[in-house]
Amino acid sequence: MDMYAENILDHFQNPRHKGTLSAATISVEEVNPLCGDKLSLDLIIENGSIKDMAFSGSGCAISQASMSMVAEELNGKSLEEAEKLSKDTIYELLGVPISPARVKCAILSYALLKKSLILLKHQS
Amino acid sequence: MYQNQNLQQNQPMLNSQQLKKDFPILSRVINGKKLTYLDNASTSQKPQSVISAITDYYTNHNANIHRAVYTIAQEATLAYESTREAVKDFINARSAEEIIFTRNTTESINLVAYAYAATTLKPGDSVMVSALEHHSNLVPWQEVCRKTGATLKVIPLSGDPELRYTLDFEWFQKNIDASVKILAITQASNTTGTIVPVEKFIEVARAHGAKVLIDGAQSVPHMPVDVQQLDCDFLAFSSHKMLGPTGVGALYAKKELLETMPPFLFGGDMIREVHQQEATWNDLPWKFEAGTPNIADVIAFQEAIKYLRAIGMQEIAEHDQELAHYAKQQLEAIPQIIIHAPKNAKQMTGIISFEIPGVHPHDIAEIFNSDNIAIRGGHHCAQPLMETLNIPATARMSFYIYNTQEDIDTAIEAIKKVIKIFSPKK
Ligand SMILES: Cc1ncc(COP(=O)(O)O)c(C=O)c1O
Chain L
3 MDMYAENILD HFQNPRHKGT LSAATISVEE VNPLCGDKLS LDLIIENGSI KDMAFSGSGC
63 AISQASMSMV AEELNGKSLE EAEKLSKDTI YELLGVPISP ARVKCAILSY ALLKKSLILL
123 KHQS
Chain S
8 MYQNQNLQQN QPMLNSQQLK KDFPILSRVI NGKKLTYLDN ASTSQKPQSV ISAITDYYTN
68 HNANIHRAVY TIAQEATLAY ESTREAVKDF INARSAEEII FTRNTTESIN LVAYAYAATT
128 LKPGDSVMVS ALEHHSNLVP WQEVCRKTGA TLKVIPLSGD PELRYTLDFE WFQKNIDASV
188 KILAITQASN TTGTIVPVEK FIEVARAHGA KVLIDGAQSV PHMPVDVQQL DCDFLAFSSH
248 KMLGPTGVGA LYAKKELLET MPPFLFGGDM IREVHQQEAT WNDLPWKFEA GTPNIADVIA
308 FQEAIKYLRA IGMQEIAEHD QELAHYAKQQ LEAIPQIIIH APKNAKQMTG IISFEIPGVH
368 PHDIAEIFNS DNIAIRGGHH CAQPLMETLN IPATARMSFY IYNTQEDIDT AIEAIKKVIK
428 IFSPKK
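For the record, the sequence lines run as chains L and S.
3 is the number of the first residue of the first sequence in the numbering used here; add one for each residue after it.
8 is the number of the first residue of the second sequence in the numbering used here; add one for each residue after it.
Errors might be hidden in some of the hints.
Capping the alpha-carbon separation at 27 Å, the derived lysine-lysine pairs in DSS-like fashion look like this [what the hints assert, rightly or not]: (1) S:K261 with S:K129; (2) S:K181 with L:K20; (3) S:K424 with L:K106; (4) L:K106 with S:K427; (5) S:K427 with L:K20.
Treat the hints as calculated values from the structure; they're not laboratory data.
Kindly produce the complete structure, drawing on both the sequences and the hints.
Given below as structure tokens:
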């Protein structure tokens with residue numbers, strides 16, 4: 003069962019940046035239509051950089067690990083760098099084979115990130 | 008309600024190992040492992056006789072029905088209409104005019120929602136459903152209520168811990184009144200496996216003048232259902248959950264109601280006479296079957312009914328229930344597991360939902376799949392029920408005639424594997 007590699011289970015069981023940020027610059031929510039799982043993402047943006055980020059909500063190991071890895075990857079980075087994060091980056095971070103049925107789970111984090119970046123642009 | 012007398016004995020009723028041989032897909036091997044199919048609430052597998060009937064129709068009898076005079080068209084028409092007779096006998100309707108072919112349970116329910124409810128309900132009226140409904144028997148009623156100004160009422164789950172996952176019949180008795188024009192209720196939940204004693208609900212509903220629709224998607228395939236005995240007004244079910252092809256559903260409706268209802272869809276086949284500005288409607292049941300139907304699959308559906316009848320619905324009900332009971336016992340032996348099923352095994356059909364805390368049902372299903380075991384993880388199209396139970400999702404195993412205790416043992420091994428993979432690492 004190589005989908006449940008050690009790093010996936012580690013991020014699932016010990017998620018990085020799990021929680022909420024009351025001072026968030028922006029908060030977004032996405033639902034995985036496949037399973038109804040809901041994830042929320044809070045971002046604090048200062049001087050064009052992600053000062054802090056946190057996510058909450060339940061989901062499968064793949065969607066949770068993916069979000070945790072993306073948060074770890076982008077925390078402290080500039081919005082430009084966040085813009086550059088692609089779906090392929092996420093697959094690389096996960097590093098396990100993702101079956102077509104689980105693509106939606108793997109890239110839920112990507113959907114949240116894109117949604118927040120678009121909303122940020124509209125705000126400014 | 009259907010009662011299983013033999014539950015204590017834990018003896019398999021059917022020779023399922025033998026039956027498996029009639030289902031070609033069950034001998035399919037993926038990654039060196041035979042398919043263990045435990046997602047029958049979603050759709051059932053098909054015996055060779057059903058598969059062959061589809062090929063036979065296209066190979067030997069393919070023609071449109073009800074019009075042409077040539078031989079193959081007559082054969083196709085006869086075969087199509089004889090399935091209607093078979094469905095009528097299967098659920099003991101009074102006449103074949105009371106059987107309408109649709110695409111599935113969902114379409115059957117929509118037919119009633121649009122052609123009956125939307126044309127008769129008024130503000131002040133209400134529709135009553137239950138907390139156990141599949142989205143198919145909920146969303147159409149939400150829509151009808153929005154359109155007509157009627158109110159949607161929901162029979163809650165019982166608060167009695169002994170009766171968890173069953174409906175609160177006392178609430179129903181207290182809250183039904185003359186404003187309730189339609190009771191739309193499932194006979195078996197696809198999520199908790201609860202068998203609803205619909206005859207009790209029907210009796211009370213009728214005394215208050217309500218019409219009753221039974222969602223039979225999970226009951227008609229798994230237990231004897233007799234519409235005259237139940238005295239329901241409508242019964243909806245799907246071929247694909249009872250060994251038949253996808254794309255065929257049935258609606259039973261009392262003839263006197265069908266006669267007063269306007270058509271649901273308009274066009275060819277459903278007419279008697281068409282003039283440039285107006286048309287008159289065909290006789291029952293064809294008034295409700297507009298356009299060329301799913302001829303091949305309706306014809307093959309008859310083979311599914313024959314297959315089920317040869318085994319016997321009472322035998323199937325007992326078999327499914329015994330497997331669910333066995334699965335429940337095996338799951339109860341694993342301390343981590345939370346089971347979402349009625350306490351009394353006699354209130355269960357062949358469906359069992361469970362959770363492993365700390366593991367998402369999708370991940371359970373994924374690990375099962377690595378052993379070629381098919382189960383479902385998710386909300387099972389019953390999101391309001393999940394909200395009521397305050398759980399995001401469950402894993403679900405559901406059984407049918409070809410399942411054995413060994414299939415459940417295989418699943419239990421997979422559960423142990425899941426628990427091991429997800430056990431906290433130091
Ligand atoms: C209780 C219940 N009602 C309705 C349906 C919908 O059936 P179909 O998808 O065939 O329309 C299902 C299918 O899962 C069901 O379990």
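Now the hints, each set against the structure:
1. S:K261 with S:K129: Status holds; Cα separation ~22 Å.
2. S:K181 with L:K20: violated (46 Å)
3. S:K424 with L:K106: Distance of about 25 Å is within 27 Å: holds.
4. L:K106 with S:K427: OK: K106 (chain L) and K427 (chain S) at ~26 Å, within 27 Å.
5. S:K427 with L:K20: Since the Cα atoms of K427 (chain S) and K20 (chain L) sit roughly 24 Å apart, the hinted pair holds (cutoff 27 Å).
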